[in-house]
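Residue numbers (the numbering used here), protein chains in the order written: chain A, 1 to 317; chain B, 318 to 689; chain C, 690 to 1002.
To be clear, the hints were calculated from the coordinates, so they are not data collected in a lab. We treat Cβ as the ideally placed atom computed from N, Cα and C, and that holds for glycine. Keep in mind that the hints are not guaranteed to be accurate.
Output of the computed footprint for chain B on chain C, the stretches with three or more beta carbons under 8 Å from beta carbons of chain B [claimed, not checked]:
#1 886 to 900
#2 908 to 922
#3 985 to 997
What follows is a set of in silico ranges between Cβ atoms, one per label pair, in the way DEER data are often shown [stated by the list, open to error]:
#4 B:Gly378 <-> C:Thr820: 36 to 44 Å
#5 C:Trp848 <-> A:Asp95: 25 to 33 Å
#6 A:Asp95 <-> C:Thr862: 34 to 42 Å
#7 C:Thr819 <-> A:Tyr85: 27 to 35 Å
#8 C:Leu698 <-> B:Thr443: 25 to 33 Å
#9 A:Leu88 <-> C:Leu842: 14 to 22 Å
#10 B:Glu376 <-> C:Ile702: 33 to 41 Å
#11 C:Trp816 <-> B:Glu537: 48 to 56 Å
#12 C:Thr820 <-> A:Leu94: 32 to 40 Å
#13 C:Ile702 <-> B:Glu418: 24 to 32 Å
Now for the letters of each chain:
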Amino acid sequence: MSSDTHHDMTDDARTDGGTATATDGSEAVSDTGPATGRIARSKVVFMRVMQNRFAVFGLMVVLLLLFTAIFADFIAPYEPAEQNYNALKEPPSLDHPFGTDQYGRDVFSRVVYGSRYAVFLGVVIVGIEMLLGVTLGLVAGYYGGLIESTIMRVVDIALSMPALVLALAIAGMLGGGLFPLIVAVSLVGWRGFARLVRGDVKSVMEEEYIDSAEAAGLSDFRTISRYVLPNAASSIIVYATLTIPTVILWSAGLSFLGMGVQPPKPEWGAILAAGRGEIDDAWWIATFPGLAIMVTVIGFNGLGDGLRDALDPRQVR
Amino acid sequence: MSEQRSTTEANRLRNGDETPLLNIDDLQVHFNTEEGTVEALDGVSLTIGRDEVLGVIGESGCGKSVTALSTMGLLQSPPAEIVGGSITYDGTELLDLSDEELNEIRGDEITMIYQDPMSSLNPVLTIGHQVKEPLLAHRDVSEDEAHERAVEMLESVGLADAERLMTEYPDALSGGMRQRVVIAMALITEPKLLIADEPTTALDVTIQAQIMDLLTDLREEFEMSVLFISHDLAVISEIADRIGVMYAGNVVEQCEMRTLFESPLHPYTRKLAESIPSLEGDTDRLPTIEGTVPELINPPSGCRFAGRCPQYIGEVCDTVEPPLETPSGIEGDQKVACHLYDEQRGEDPPWPVGEEAGGTDGVARTEGVDGS
Amino acid sequence: MLKYIARRLLVTIPVLIGVTIAISLIVYLAPGNPARIALGMNAQPEAVRELERQMGLNQPPWIRYLEWLWGVVNLELGESVRTGRPVTAMIARRLPPTLELAVGSMFLTLIIALPLGVISAVRQYSWVDTTSMLFAIFWLSMPSFWLALILLLLFSVQWNMFPISGRGTPVLTMTWLSSLILPAVATGTRRAGLLTRMTRSSMLEILNEDYIRTARGKGIGERAVIYTHAMKNAMIPIITLIGLQIPFIFSGSVIIETVFSWPGMGRLLVNSVLQRDYPIVQGLVLVYAVIVVLSNLFVDIMYGYFDPRIEYE
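Chain A extracted, bound-state conformation (with noise of 0.2 Å):
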């Protein structure tokens, strides 16, 4: 079955084939024991983050955008819709580092306040895409059999179709705007998820450990809570971490289309779809959001491989 034998690679900016591990359980650590072990062990991870100088950018990157969305009105300069009809497409410049756009708006104040619906759209659609995912991944994994190979087609089906198209496809039907776009990429979105854990949750259920967990008559839930769950953690957080930027990415890719956030909202990609028809005399309004979203990217990939490495030396790096 193809959905077996390949590995799960289901998002753009995942960026290594290192999920090779991630996918067959072999990454999940075993760590059943008490609390005790698990703050041990997460200070271990967090100082192999910290010696890892592009994991660190990318923590900082992550908490500059988390204080430019919560902050934003301290920051920026002017407000996101506010006009200056004496200032149309004016180049960058002490006043307006970002430059003006078409109507006279601030750059620079739509990029900082584009950064609340990166955050927002961020957390939500993964959020989302987790729950079902794992809930999904979790089901099948456990379950096996018939109900596994289900979801499991369900998830190739949703596999055949490429993300961008589906997600167009159903945000488009629902008429654009926030909430579809929300609704469009959590669904094109969960199936990584969903992918991910059943494979953790299998080779745990491989272990000898589930078989005296059942005979000691632990209902179903709590052999899930209590052992499947923690080992597949760390590779939860660092898949969630590394679908942010994806998100990110889709969410400017849809409203740059007019199917998501709708102008004059200031989303990254709106602002670049209306930058669009300036390009050849005021390149600054698509530059900006362009440069912004990058960085994003690269900061959460960045703390999303240290987190990986961190987590699982075993890795080749």
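Put chains B and C on the given structure of chain A with help from the hints.
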């Protein structure tokens, strides 16, 4: 033991020269890891003569594989680093050679067989390709000649239907069969020195015996020297003429195979010899060696066996590394690294040394070893 | 080998059927009345009802699905709600340009990523390695539409090297090629970043295997070790990775086609989604899915060619 060669002395007399085929002298290898520098080899010295089998025995981690890989230039550096010593093959200093120069020798005159047959063969290349490869690389032969030779070789190692096997892939074969292929691959160029790194460890006992027989036969047929590494004394004793005992990165004793059982000198070797179960005698608990191998990251100074040595003398064992040398009163080529034999100490070792030692004193009886 | 292919084929059929169900479901659940859309907001209710009857919208959903499915089998994907033109013809006209773009960008991706990935792995930690890794990360983090715009800005607007938009005809001429370059670069280089990293990882894993050590020990030379022994093994996971990239090439092309006004399926998709022309959307998503499934099949076959172990499964 009936196939054991004569002593090294006789060997040398026969060949008329004293130069050993392979001379490893004071080899020091470090591994630079995240946790620190592992001092894997602490000055290993071994010699192998022509047409002679040197067994190397030791526990896991004592450095036997590292020694073998260093000789073949197969250590991964980083993290490995050869920090000192020399390896001379037939007069040539191997450690000075470039990769190209080394490639002339390895695979041709010095070849190696490995521990895990399941992973030593390339799964996407045919067996024929892999067996022919060394021949095609080192000799000026045509494809057809190489093919014929490869089929012959496969038959010599006991594989039936060799012609058909040439086009199969390793996945079609069992572990024992794959190991035979590996042996064929290693012998096709008729090397002067074969390095065998625990070739039977991964196989089950019956196959093990077959492979050992095969190796013994082939060694005679090709008249080649063998560096045979194992942690199993019984296996080594079947094939080795001389033996080197390694512990924690050092060679602690080097002697003839018989001597190991008859009059071992080093306390570790004595314990080793004792711990072989014998078919006769009382069947009480097997004697064991207390303690564990020391950490090689910050190894203890002095003798690395000091912490577990039942014949521990005193401070000298903890501070001074005993050199590997022949104690006085010994004839022949037995070397040992132990302060017990330091002449300047002025005391005699606690057991008889030299020819007087005769299989008493709790040393394993030779009859029990290979079952013959 | 044939058995392997047959098995693969057998799996794809239910998947495709599933796809048709999924698409129809999405379209069905979409709010809005297609008939009303076709006639405009001010249409008379009777006219709308009449059109609904004509379009078969008053039938139960599963009948509509089956009718559409029957049409699919006959290669008739319905008619555009807006223009009434047959969908099949519209899509057929748009298919070649999209395929050209896909092949072009895949070609670029492979040319850049594979050698770079292999060299990085072989010379691990060297400056080649670090530079190409940084480069890879840089490229794969770029939003494709942004890259497209930058390329447009530099190469078309500023330096006037390539046309700003459209596809030069006829095919396989210089005009065509020069119009293809920017879009292909925009789609392809981004994927190249990703594939480089994955190739490198894959290669590194292979180089650590025992049989590579055995090969070195045979004294055949580093070249032979890498090209004969390592590469063939590395190809196996790489083929899989390439296969997984294929859907994304098409995803990416949707945006790129829009930016460069490249007359492919992607542009048609965007326009018809905007216009709620659902038969076109349905047909397009199906065609995309078929392409993806077929290319996966192709990749699977290639995989079977490279990995002899399948025979023993």
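**Prompt:** Are there at least three residues in the stretch 985 to 997 of chain C whose beta carbon sits under 8 Å from a beta carbon of chain B?
**Reply:** Coverage by chain B holds for the stretch 985 to 997 of chain C (3 residues, Cβ < 8 Å).
**Request:** Look at the Cβ atoms of Glu376 (chain B) and Ile702 (chain C) and judge whether their distance stays inside 33 to 41 Å.
**Result:** Distance hint for Glu376 (chain B), Ile702 (chain C) is violated at roughly 58 Å.
**Message:** Quick check: does the Cβ-Cβ distance between Trp848 (chain C) and Asp95 (chain A) fall within 25 to 33 Å?
**Reply:** Because 30 Å falls inside the window, the suggested range holds.
**Message:** Tell me if the beta carbons of Trp816 (chain C) and Glu537 (chain B) are separated by a distance inside 48 to 56 Å.
**Reply:** Once the Cβ atoms are compared, 53 Å apart, the range 48 to 56 Å for Glu537 (chain B) and Trp816 (chain C) holds.
**Request:** For the range 24 to 32 Å, tell me whether the beta carbons of Ile702 (chain C) and Glu418 (chain B) fit it or not.
**Result:** 59 Å, violated
**Message:** Given the hint of 25 to 33 Å, is the C-beta distance from Leu698 (chain C) to Thr443 (chain B) inside that range or not?
**Reply:** 28 Å, holds
**8 Å C-beta criterion, at least three residues: is the stretch 886 to 900 of chain C covered by chain B** = holds (count 3)
**Message:** Does the beta carbon distance between Leu88 (chain A) and Leu842 (chain C) stay inside 14 to 22 Å, or does it fall outside?
**Reply:** 20 Å, holds
**Pairwise beta carbon distance, Thr819 (chain C) to Tyr85 (chain A), judged against the given window 27 to 35 Å** = 49 Å, violated
**Asked** Is the gap between the beta carbons of Asp95 (chain A) and Thr862 (chain C) within 34 to 42 Å?
**Response** 49 Å, violated
**Cβ separation of Thr820 (chain C) and Leu94 (chain A), checked against the hinted range 32 to 40 Å** = 35 Å, holds
**Message:** Please check whether Gly378 (chain B) and Thr820 (chain C) have a Cβ separation lying inside 36 to 44 Å.
**Reply:** 38 Å, holds
Figure legend: structure checked against the earlier numbered hints; hints not met, in rising order: 6, 7, 10, 13.
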